[in-house]
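If you're matching them up, the sequences are chains A and B in order. Under numbering that gives the first Met the number 0, the residues of the first sequence are numbered 0 to 362, in order. Under numbering that gives the first Met the number 0, the residues of the second sequence are numbered 0 to 482, in order.
For the record, the hints were derived by calculation from the structure and aren't laboratory data. Just so you know, not all the hints are guaranteed correct.
If you anchor each label on the Cβ, the simulated ranges turn out as follows [to be verified]: (1) B:I207 / A:Y300: 18 to 28 Å; (2) B:L309 / A:D111: 43 to 53 Å; (3) A:I150 / B:G245: 45 to 55 Å; (4) A:L149 / B:I307: 24 to 34 Å; (5) B:V384 / A:Y162: 38 to 48 Å; (6) A:P115 / B:G245: 25 to 35 Å; (7) A:Y80 / B:K303: 42 to 52 Å; (8) A:L149 / B:D196: 19 to 29 Å.
These figures come from a predicted structure and were not determined experimentally. For glycine and all other residues, C-beta sits at the position ideal for the given N, C-alpha and C.
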Amino acid sequence: MTELSSRQFILISLYLIISSKLMSMPTLIFDYAGKEAIFTIALNFIVEILIVFLVCEVIKRNPNTNLFQLLKQKFSIAGAYIILIILYAFILFKFLFVLQELYTFFKEFLYDDFMPIVFALPMFFVVGYLAFKGARTMGRTFEILFWFILIGIIVTIASNLEYVSFSRLEPYFENGIMPMLDGSLKSLFYFGNSIPLLFFIGKVQVTQKFTTKVIASTVGLALFITAFCFIFYDVYGMAVPYTLFALSDFAQYAPFILDLQRLNWLSTMVDVTKLFCSASIFLYCLGQAGKNMVKLKSSFYPILVSIIITYVLATLLNYDLDIMKHYIANYLSYATIGVMALTIIISLVFSFNRRKNEQKFIQ
Amino acid sequence: MDIQKILQELKQNFNETSDLVTREFSTHSGEKVAIVFIDNIVDQLLLATSVIKPLQNLNSEEKADLADTAMQQIIAFSQVKEAKDITELTENLLSGFCGVIFENSQKILIVQCVKWITRLPSEPPTSAVEKGPREGFVEDIMSNLTLLRKRLKTNNLKIENLKIGKETNTEVRLIYLNDVAEPQVVKKVKEKLQAIDIDGVVDSNYLIDYLQSRKHCIFKQIGSTEKPDVVTAKILEGRVAILVDGSPIALTVPYILLEDLQASSDYYSNAGRATFLRFLRLFAALIAITLPGIYVALLCYHIKAIPIKLLITILNSVQGIPLTPLLEVLFIIFLFEILYEASLRMPRYMGLALSVVGALILGDTAVQAGLISSPAVLIVAITGVMSYTIPEQSNQISFLRLIFTILGGLLGIFGIIVGVVFLIGYLVNLDSYGAPYLAPFAPYIKADQQDALMHKPANQVFYRPKSIPNINKRRQKNDRTKQ
Chain A
0 MTELSSRQFI
10 LISLYLIISS
20 KLMSMPTLIF
30 DYAGKEAIFT
40 IALNFIVEIL
50 IVFLVCEVIK
60 RNPNTNLFQL
70 LKQKFSIAGA
80 YIILIILYAF
90 ILFKFLFVLQ
100 ELYTFFKEFL
110 YDDFMPIVFA
120 LPMFFVVGYL
130 AFKGARTMGR
140 TFEILFWFIL
150 IGIIVTIASN
160 LEYVSFSRLE
170 PYFENGIMPM
180 LDGSLKSLFY
190 FGNSIPLLFF
200 IGKVQVTQKF
210 TTKVIASTVG
220 LALFITAFCF
230 IFYDVYGMAV
240 PYTLFALSDF
250 AQYAPFILDL
260 QRLNWLSTMV
270 DVTKLFCSAS
280 IFLYCLGQAG
290 KNMVKLKSSF
300 YPILVSIIIT
310 YVLATLLNYD
320 LDIMKHYIAN
330 YLSYATIGVM
340 ALTIIISLVF
350 SFNRRKNEQK
360 FIQ
Chain B
0 MDIQKILQEL
10 KQNFNETSDL
20 VTREFSTHSG
30 EKVAIVFIDN
40 IVDQLLLATS
50 VIKPLQNLNS
60 EEKADLADTA
70 MQQIIAFSQV
80 KEAKDITELT
90 ENLLSGFCGV
100 IFENSQKILI
110 VQCVKWITRL
120 PSEPPTSAVE
130 KGPREGFVED
140 IMSNLTLLRK
150 RLKTNNLKIE
160 NLKIGKETNT
170 EVRLIYLNDV
180 AEPQVVKKVK
190 EKLQAIDIDG
200 VVDSNYLIDY
210 LQSRKHCIFK
220 QIGSTEKPDV
230 VTAKILEGRV
240 AILVDGSPIA
250 LTVPYILLED
260 LQASSDYYSN
270 AGRATFLRFL
280 RLFAALIAIT
290 LPGIYVALLC
300 YHIKAIPIKL
310 LITILNSVQG
320 IPLTPLLEVL
330 FIIFLFEILY
340 EASLRMPRYM
350 GLALSVVGAL
360 ILGDTAVQAG
370 LISSPAVLIV
380 AITGVMSYTI
390 PEQSNQISFL
400 RLIFTILGGL
410 LGIFGIIVGV
420 VFLIGYLVNL
430 DSYGAPYLAP
440 FAPYIKADQQ
450 DALMHKPANQ
460 VFYRPKSIPN
470 INKRRQKNDR
480 TKQ
């Protein structure tokens with residue numbers, strides 16, 4: 000039975016895509032790609048949009064079958080388990096990263112002293128609740144929060160627009176294209192957010208021009224994020240490496256906001272809310288993966304286990320975002336290439352097979 | 000028929016109650032007749048002039064059955080019927096009927112000459128309007144049905160009778176438009192009502208617990224109103240209304256949260272103004288819920304986030320206050336709730352004095368004594384007033400205000416965000432007879448946005464809301480489709 004409308008699915012994909020991209024990503028990419036960071040972002044978005052397109056096609060062609068059923072059909076039970084384990088591990092790191100980002104955000108911007116457990120318990124409770132209640136609850140919740148987030152981001156960006164010069168970063172490609180490619184490779188983890196969309200196969204009510212609508216909104220968001228990063232780099236120039244979370248820093252030090260005093264609270268709320276949303280989607284996917292792997296009726300225990308694993312990992316990493324960013328640049332982004340390739344392959348298999356079946360049916 | 004035997008049996012059925020009145024007399028031709036009724040619920044003057052006196056004057060020389068003659072020619076009441084047995088007679092006596100027993104006939108007649116004490120429809124104190132109908136429901140179900148029938152002059156209006164309560168035998172009416180309401184919803188409501196096995200139903204609010212799907216939920220899941228125009232509008236949208244005898248409050252299902260954001264006056268005023276007022280109500284409700292929590296969070300954890308001029312003002316006020324910001328705000332909220340509760344229960348003439356004492360003397364003295372600060376009083380007072388922009392949700396808003404204050408005090412702004420996300424996640428899960436609680440916002444229903452926060456003029460609303468299950472979507476002909 001479908002749980003999500005096309006609109007809700009689009010929102011879920013947008014929340015996933017935007018997740019960390021207005022926070023720690025712009026700074027990390029700038030560290031590796033320098034002034035060409037903007038091109039790195041555009042390049043990586045092409046890969047992300049391709050994955051969104053393929054997943055949409057799979058969803059469209061398999062309206063009543065979920066991911067696990069499709070995997071079992073095409074890759075045998077053993078293959079299905081292996082793929083699910085890979086996806087589970089990848090999404091677990093995504094969830095862990097969002098958790099680290101959120102905690103660091105609170106610690107840096109909002110609290111003088113913030114105990115991890117005080118953060119983790121309420122956070123896991125709410126995110127766990129949304130994930131446990133399922134795709135329908137998440138979809139509807141995101142519909143309500145969407146306008147708040149959109150308005151928040153637009154106000155924040157608009158407040159800095161008058162300080163954009165469009166020339167501060169020129170000339171581009173002084174050192175060739177290698178910095179851009181290096182940045183692209185090392186930041187790919189941020190662009191694997193569309194992979195969890197696989198877990199929504201068979202749960203979306205597909206309407207007319209489904210893929211077109213999803214792709215159009217994804218491209219729109221990609222352009223928006225790219226434009227934001229461009230403005231951010233242009234306003235901050237060579238001071239970008241000293242920033243931590245793009246949107247919040249952007250809002251905090253904008254002269255316009257300083258005049259009004261503390262309008263940056265809006266961006267703070269927006270940042271936190273969208274991270275809550277993406278965290279709940281990741282946890283939902285972990286719950287679905289766990290549920291299918293262990294053959295449970297409810298996703299409660301897989302979600303609980305995922306929370307415990309994430310909490311232990313975060314504690315081992317001491318909630319240190321810098322360590323996490325180091326792992327992203329040196330290991331996780333390379334792993335993302337593999338997971339992306341895997342997603343593309345399975346999406347093509349699911350799409351191609353269905354098309355063949357449809358042709359047979361017509362004959 | 001043995002009159003004495005029947006009367007004896009009736010007295011036993013009523014446990015020798017003192018208000019069961021029996022009167023025996025003879026017709027002009029000497030045939031014995033007995034009248035039985037319950038005192039105070041029967042119009043005795045009408046009974047004497049339209050039943051007793053004509054029967055006493057009856058000079059029956061024909062061989063025809065006296066009961067038949069009385070029913071067809073003598074008794075001048077619109078509702079006269081024959082009781083099949085003593086049980087039926089007993090039930091009808093309880094509903095204000097009068098029993099007529101004839102010695103020489105096997106039939107017992109029951110005559111409706113009920114006279115309940117009731118008040119005239121007046122403007123409900125809970126839903127006063129600036130413009131629009133001022134009639135409100137009363138405690139008498141028949142008067143309430145009249146008010147609805149007056150507005151819905153259609154043969155599609157279906158009224159189903161139910162009796163609930165073993166001891167109270169309360170009359171309940173299920174009202175809906177046969178060609179609009181979703182049959183599944185009607186069936187479900189009816190089944191739930193029929194399954195009720197309670198000793199008594201004193202007010203329609205008794206039924207709410209049986210009708211709502213989530214038993215321990217603080218949020219309203221059943222619509223309620225005292226205004227017939229509101230019930231009429233809801234029935235027209237495909238909802239089912241429930242009227243209970245003895246209660247001026249009509250219940251309606253399915254219910255969505257948006258209903259309380261809309262006021263009946265929105266439909267009697269300019270559409271632009273109505274839209275503005277709806278946004279205002281929503282804004283006020285959100286502020287009422289979160290402002291005390293945000294204030295406490297800012298003072299406890301994020302004092303740097305407060306603009307400097309405001310910070311200086313607040314710090315000057317809170318200096319020397321013995322309570323923490325959380326305890327201080329909680330103390331004022333409790334004080335406010337106590338004053339509210341006391342002013343509701345106090346005799347009306349004392350209520351004004353109490354509010355003056357509460358608002359002016361207590362608040363002012365507490366601030367001057369340095370027990371509480373004036374910004375905290377101001378915030379609780381503002382949010383208290385704001386919570387009544389949606390009066391039907393004021394209880395829920397008060398409760399949430401308390402929760403958000405505690406969250407803000409314990410976790411700071413993180414707590415407020417956690418609370419907001421959880422609250423939305425919880426509310427989107429609620430469902431009332433197939434209508435999503437936060438519809439048409441979540442799930443987003445584009446067609447229903449014409450009368451959600453935005454309010455389009457009536458001549459532009461062509462369809463019934465999709466959020467509410469119904470079987471007839473069209474409200475009026477769309478001019479554009481005609482062209």
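Quick rundown of the hints versus the structure:
1. B:I207 / A:Y300: 18 to 28 Å: Given range 18 to 28 Å: violated, Cβ gap about 36 Å.
2. B:L309 / A:D111: 43 to 53 Å: Since B:L309 and A:D111 have Cβ atoms about 20 Å apart, the given range 43 to 53 Å is violated.
3. A:I150 / B:G245: 45 to 55 Å: Check passed, 49 Å falls within 45 to 55 Å.
4. A:L149 / B:I307: 24 to 34 Å: 30 Å, holds
5. B:V384 / A:Y162: 38 to 48 Å: 41 Å, holds
6. A:P115 / B:G245: 25 to 35 Å: 57 Å, violated
7. A:Y80 / B:K303: 42 to 52 Å: With a Cβ separation near 51 Å, A:Y80 and B:K303 satisfy 42 to 52 Å, so the hint holds.
8. A:L149 / B:D196: 19 to 29 Å: 51 Å, violated
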